[in-house]
Amino acid sequence: MITIFGIPLQAFLGQLLLGLVNGSFYAILSLGLAVIFGLLNVINFAHGALYMFGAFLAWMGMSYFGLNYWVMLALAPVIVGLFGILIEKFLLKHLYKLDHLYGLLLTFGITLLMEGLFRSFYGVSGQPYSTPEALRGATNLGFMVLPNYRAWVVVVSLVVCFATWFVIERTRLGALLRAGTENPRLVEAFGVNVPLMITLTYAFGVALAGFAGVLAAPILQISPLMGSNLIVVVFAVVVIGGMGSILGAIVTGLGLGLIEGLTKVFWPEASSTVVFIIMAIVLLLRPAGLFGKEK
Amino acid sequence: MKLRTLSASLMLAGFGLASQPAFANISDDVIRIGFVTDMASVYSDIDGPGGIEAARMAIADMGGQINGKKIELLFADHQNKADVAAAKAREWFDQQKIDMLIGGTNSGVNLALAGIAAEKKKVFMAIGAAASDLTGAQCSPYTVHWAYDTVALARGTGSAVVKAGGKSWYFLTADYAFGHALERDTANVVKAAGGEIKGQVRAPLNSSDFSSFLLQAQSSKAQILGLANAGGDTINSIKAANEFGIGKTMKLAGLLIFINDIHSLGLNVTQGMQFTDGWYWDQNDETRAWSAKFEAKVKRKPSMIQAGDYSAVSFYLNAVKATGSDDGDTVMKWMKSNKVNDMFAKNGYVREDGRMIHDMFLMEVKKPSESKGPWDYYKQIAVLPGESVFTTLAESTCKLIKK
Amino acid sequence: MNRQALGYILFVAFLAAIPVLGIYPIFAMKIMCYALFACAFNLLLGFTGLLSFGHAAFLGGAAYASGHAIKAWGFSPELGILYGVAIAGVMGVVMGALAIRRSGIYFAMITMALSQMVYFFFLQAKFTGGEDGLQGVPRGTLFGLIDLKSDLNLYYVVMVIFIVGYLIIWRTVHSPFGQVLKAIRENEPRAISLGYDVERFKLLAFVLSALLAGLAGSAKMLIFVSATLSDATWQMSGLVILMTLIGGMGTLVGPVIGAFIVVLLENKVGDFGSAVAKLTGVEWFQRLGESVTIVIGLIFVICVLAFRRGLVGELNAWLEKRKSLSTRA
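The listed protein sequences correspond, in order, to chains E, U and W. In terms of our numbering, the first sequence opens at residue 1 and continues consecutively. In terms of our numbering, the second sequence opens at residue 1 and continues consecutively. In terms of our numbering, the third sequence opens at residue 1 and continues consecutively.
Source of the hints: derived by calculation from the structure; they are not laboratory data. These figures come from a predicted structure and were not determined experimentally. You can take every hint at face value.
To give a feel for the contact side, a few chain W residues facing chain U, derived at Cβ under 7 Å:
id, residue
1, Leu123
2, Gly136
3, Phe224
The beta carbon of each residue, even a glycine, is placed where N, CA and C say it ideally should be.
Can you make the complete structure from the sequences, with help from the hints?
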């Protein structure tokens, strides 16, 4: 039996694959954050709460309306996006001319509000959500048995991330978005409705969070606290990748998922802090982040 | 300009003063009980407002008064912050002159409260906390630990599962003091009963994804997966275990499970799991009757802790009635010399170190086909006599025990 | 004697008289500790313009350090406090050095992530007692003279600590060093062009803020004879931001008032909720009252949108407007 650092190759590959699954979540969430930060210069602390909202919507759709997973996978991000439009139009908009820190504080307050409200209505033990029929069961990959659902998560996340990257970096719409970040006045002068663009960008960013929430619903217990456990790690991921870089967010998210997965095997107790340790190291060597540009 | 600021702050101070509850008449013709627990956060389901209701039921069943003295219940949310709890408890002792303090969930908070009650020489009843230190290294002549502790859970589940054939164990442990204690206590029991420990993995507290740890557990080829964690971690690890089909090759042994956890996970995922519990609503007619009354008010069946709240408050009130006094020492003396016989425990008693000894039960989660409806989740496998599951006097680290 | 000094003297007299006035001393001490914490934090945010989202690490770190020193090593209270403050200072140097490399939002995120690491360390370290916390720390006798077991004695000691801490901050703000900090907050590139070593000033401000936050933490530990994990969570960091925001960033008195309001809120929101529930007959208000988080979140949102200058800031602005209006007439 081949061993790598003392553990069998099979187990090693298995852990890598699991790390990739987690990395997919990090990638989608940090992608949303990067998109929002790139255009709005706002750190959306509420990203975790909106991810939780997406998961709850999936559950609500099932329990109250009998809507299945596939419907909610499409519907929940839309609802979260609409909610994001409300937040942007009525709350965030007023803060653009001020210091960026206020945006962070506002979204922090929104996080507390949402978490408190959900906790007040639904308690903390969490709601069960079962894997959709089509994705149940597991496949024997030879070196491990992988639940089909987790494979689906990886695939769909990669597709969504790639699609987002493509739109932003390779299409005209994306070019407008990027131009809007650099010089909103000029872009407006060309007749583009910049405020609308900003609103829709925020909506898209949080829709991504909601999408990740629906993806997570069958895996984790849907609890009001699921977002806050995750958000600090995602922040660290974005800092490591370099904020505002789309590719950076995706690659870093996946990479850190892999590294975390490996840490769980060799040094499990440190697996929740390894991301922060890497962040500290990256900051010492490359303050702008691995893919970031100095602003 | 600063004068205005000063007057503003004085006004606010006055407002703060005015909004103190109007218990300025300190009269000892009232029996006052203070109840601090987690009302809105991670432990609110297993105790929380339900626990307050249980305490109220105990007071109502006493008639609301003892020999003409009214019984009052004060309650507060400690938000899982020891200093909020401590400040509240001190305020209640110093200003509202409470006679008895109840600690709901959260071991850290309960340890802090025990210290304060000892200082004020008033009775403290810890119901929902798990720390065995409350009657061990940090025992006090005024602390009574009611429902369960980590040692009882470890011994109950550990020895019973080994006896049933589960000889080789692997632990998934939450990497903090409570998880370590649970793992250590269970491991000792398993080894003493002739089992072996194949290994363990320590997962950070509040991990969301356990898949990697579960895979390691599975590759150890142990028969039993011991879950030395609690709350959200337990729920998430059980869910993931189910997803990865761990149940096909290993049996799950939960070391701290509440009925609310099973309720939120569902029987599909938890069936067959074995664990120790101190009480179950469907054990006999008495428990069923009381649970029906509870459910009418709280809309769900009670957990062990909520039943423990009722039992402890009733026992205390009985003590006050019998001794005719609410003095801390007198009541403690009565409580340590009389048996607990109610719907929570039969022939239970309070030991010198404050530990309430009562029988615990080995439970197994029913299959969905065996359950007749919501909350019908457990079947009782064995009775674990109190003397054998709690720390024995010989092992105790409490300074009150004369050896 | 000018009005400001008079105001301060009256306030100190009020503080000294609190036990006599019948206000519960433990409550007042708790407020003073949080007020010192908020003032220390405000030194960094309001006067230097740096938002740290990890200040709880200093509060908790000092509490654990001094608690451990007193309980396990038998330090006397004053040495224990000094030790706690020193540890907070060391943490401040390390965290500051890492975080200062970036500015603005990046700075905030880095401080948050670093304090999360510190939190995990506290969670696992043996001496902190993890979830159970560090309990039963003996209060001891200060300088061998003042028995701190008496709440009354401790009250005056904490009061002196608070006043000293506040004075340090006041002196710092009204000094050339403080002026440079304000300059950095207003326009950092300009300060650099004027030849100031901006990085060094920021680090100094950070460490000073950490030291004073540590002082608050050690004092709080003595009051409650315990140090627990909740002192070092990011929710606590968020709470001190709220205190400063409500009170008024960039004002000296603001954080004190903010701390008072927030502590009051934490303790009384339950009673408030029940009162409103009884009044309106809507049962849900009872549960709202039980959730401090919802109320705090709501206040955060409202403050950021409409109340950015905080109570004291708004008060100052209103007074300025009145003054200019009256001079116009």
